[in-house]
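Undergrad: With these hints in hand, go ahead and build the complete structure from the sequences.
Chain by chain, the residues:
2 protein chains.
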Amino acid sequence: MRGSFSSPLDGAPFQQTRIITRIMQPRCPHLEPLHIEGEYFPPAEIIKVLGPLVTVERKKRINATLDHRTYTMTPVMEGLYDRGNVSAVLRSGEALGYQSAHIIQTSPNFKKAKRVTQGAEKWLDMHLWESTAECIHALKAQGYKILATSLEDRPRPMAEIDFTEPSALVFGNEKDGVSPELLSLADERVAIPMLGFSQSFNISVAAALSFYHAYRDRVSRQGYHGDLTTAEREALTATYYFRSVGSPGPILLRSRIAD
Amino acid sequence: MRGSFSSPLDGAPFQQTRIITRIMQPRCPHLEPLHIEGEYFPPAEIIKVLGPLVTVERKKRINATLDHRTYTMTPVMEGLYDRGNVSAVLRSGEALGYQSAHIIQTSPNFKKAKRVTQGAEKWLDMHLWESTAECIHALKAQGYKILATSLEDRPRPMAEIDFTEPSALVFGNEKDGVSPELLSLADERVAIPMLGFSQSFNISVAAALSFYHAYRDRVSRQGYHGDLTTAEREALTATYYFRSVGSPGPILLRSRIAD
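Protein chains in written order, with the working numbering: chain L, 1 to 259; chain Y, 1001 to 1259.
Misleading hints may appear alongside valid ones.
Where chain L lies over chain Y, by a calculated footprint (3+ residues, C-beta under 8 Å) [what the hints assert, rightly or not]:
1. 1034-1042
2. 1094-1102
3. 1200-1206
4. 1209-1221
What follows is a set of in silico ranges between Cβ atoms, one per label pair, in the way DEER data are often shown [stated by the list, open to error]:
5. Y/D1067 / L/G246: 56 to 64 Å
6. Y/R1221 / L/Y81: 24 to 32 Å
7. L/S220 / Y/D1153: 26 to 34 Å
8. L/Y81 / Y/D1153: 37 to 45 Å
9. Y/G1223 / L/P180: 49 to 57 Å
Source of the hints: derived by calculation from the structure; they are not laboratory data. Keep in mind the model is a prediction, meaning the values are calculated, not measured. Every residue, glycine too, gets a C-beta built ideally from N, C-alpha and C.
TA: Here's what the structure looks like:
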């Protein structure tokens, strides 16, 4: 929120400007109640019903993980060919606290992408997109600055970026990098440091370094990495409980009947 | 160098303690003259003879690379099974300025390791070892502190390590991590941050993150990463020239005959 103030001491009248707030789309997709066979379950109810079925050990792990979770930075992969690379990027992202990930499936060779969402990605919010424009517009509507990793046209060194601001970091495909369309939609081009003879990093290495850099940048600037709101933390707890127990849907439905 | 001094102002006699210096083995293997068919070529002569055959572009690249080169941190891989992983680690190390690398070949499945030294590794000082003890003793003789990456027994977070001190960072094999023998020889156990549900990083990702961390740590503590001595820089320039031109050996030998 911004205002224009004058000090009472200088005698000018207190004045507040009109505040124009752009309504942002929420970044966490779990805030809405969960819909199961015509019934809607809010996060608090899911936690109450499924909580007793989640082991103490798992609950500890979930809490520790949520302490370091963020939606402020989100990885985007555009047109990757290799599913192994996508999985590696998702795994690094998850391990370094990034809750969401966006996959733009523009490579014709990348048909079975839905299978990518299985595995370590179980804990992430995966967003699959069929076009670059669609993905980038959705991210902009959520307030993200679009940062394209690219070595062309004098990109800014990654060390100059403030990752405490909402940032979507885009990695292009293994052969050509990010597309011209993406570059035209991006707010900035950023480069990962390359100090040696090697002219490029493997995509999974480039992504991991960027994720680590952003994590360290955030901690050094503001003292913490994880920054979920109370509502996001509750919603993710509910989602993780749902993904941690067997047959969560039937259990939730039965709990309503039992009432 | 350490001494014990009293200020002349307090009247006490000037006193200097005996200095005990442990003689360290040099870390750069290129300082000695190059031996070719009975002739010995010091770095300065190699630069003088081969310099005119190296393109201006390549010389620029070599100089830029040497600005960011260091022997102060060196990666060690112990018993890795997968040659692709070894190559990936070497590539990340090269790209982030680490001039040397040590490979301990204790895995019986890793027979053709010599081929690993080809490729992007062309620019690195590769050291192949047949036993863990042999490698670690050599590194200790060069003044390196041995840091074993490990998740066991409460390792220190990597953020607590001062990478401006000579450090050999050891990565264990894909399945079991570093060996008990290595742990018994190590000075410290260090852990890479793991903030999510994933319990481990792929070895190539773990190594890249560590290399990036050490690079950033060095820059933030002392303002620079590259720290070659003048002699090391000259020796590496000679080595890179040697590796940049065709038939460097015959050219050097002919230059002596021509004198």
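Undergrad: L/Y81 and Y/D1153, beta-carbon distance inside 37 to 45 Å?
TA: Check passed, 41 Å falls within 37 to 45 Å.
Undergrad: Mind checking, does the segment 1200-1206 of chain Y have 3 or more residues with a CB under 8 Å from chain L?
TA: Result for this restraint: holds, n = 4.
Undergrad: Mind checking the hinted window 49 to 57 Å against the Cβ distance between Y/G1223 and L/P180?
TA: Violated, at about 38 Å.
Undergrad: Could you see if the CB distance from L/S220 to Y/D1153 stays within 26 to 34 Å?
TA: The hinted range 26 to 34 Å holds for L/S220 and Y/D1153, with Cβ atoms some 28 Å apart.
Undergrad: Check the following: the C-beta atoms of Y/R1221 and L/Y81 are separated by a distance inside 24 to 32 Å.
TA: About 40 Å separates the Cβ atoms of Y/R1221 and L/Y81, which means 24 to 32 Å is violated.
Undergrad: The segment 1209-1221 of chain Y covered by chain L? Criterion: 3 or more residues, Cβ-Cβ distance below 8 Å.
TA: holds (count 5)
Undergrad: Please verify the coverage claim for the segment 1094-1102 of chain Y: does it have three or more residues whose C-beta sits within 8 Å of some C-beta in chain L?
TA: holds (count 4)
Undergrad: With respect to the beta-carbon atoms only, verify the hint that Y/D1067 and L/G246 lie 56 to 64 Å apart.
TA: 57 Å, holds
Undergrad: Mind checking, does the segment 1034-1042 of chain Y have 3 or more residues with a CB under 8 Å from chain L?
TA: violated (count 0)
This entry does not satisfy hints 1, 6 and 9, going by the numbered hints stated previously.
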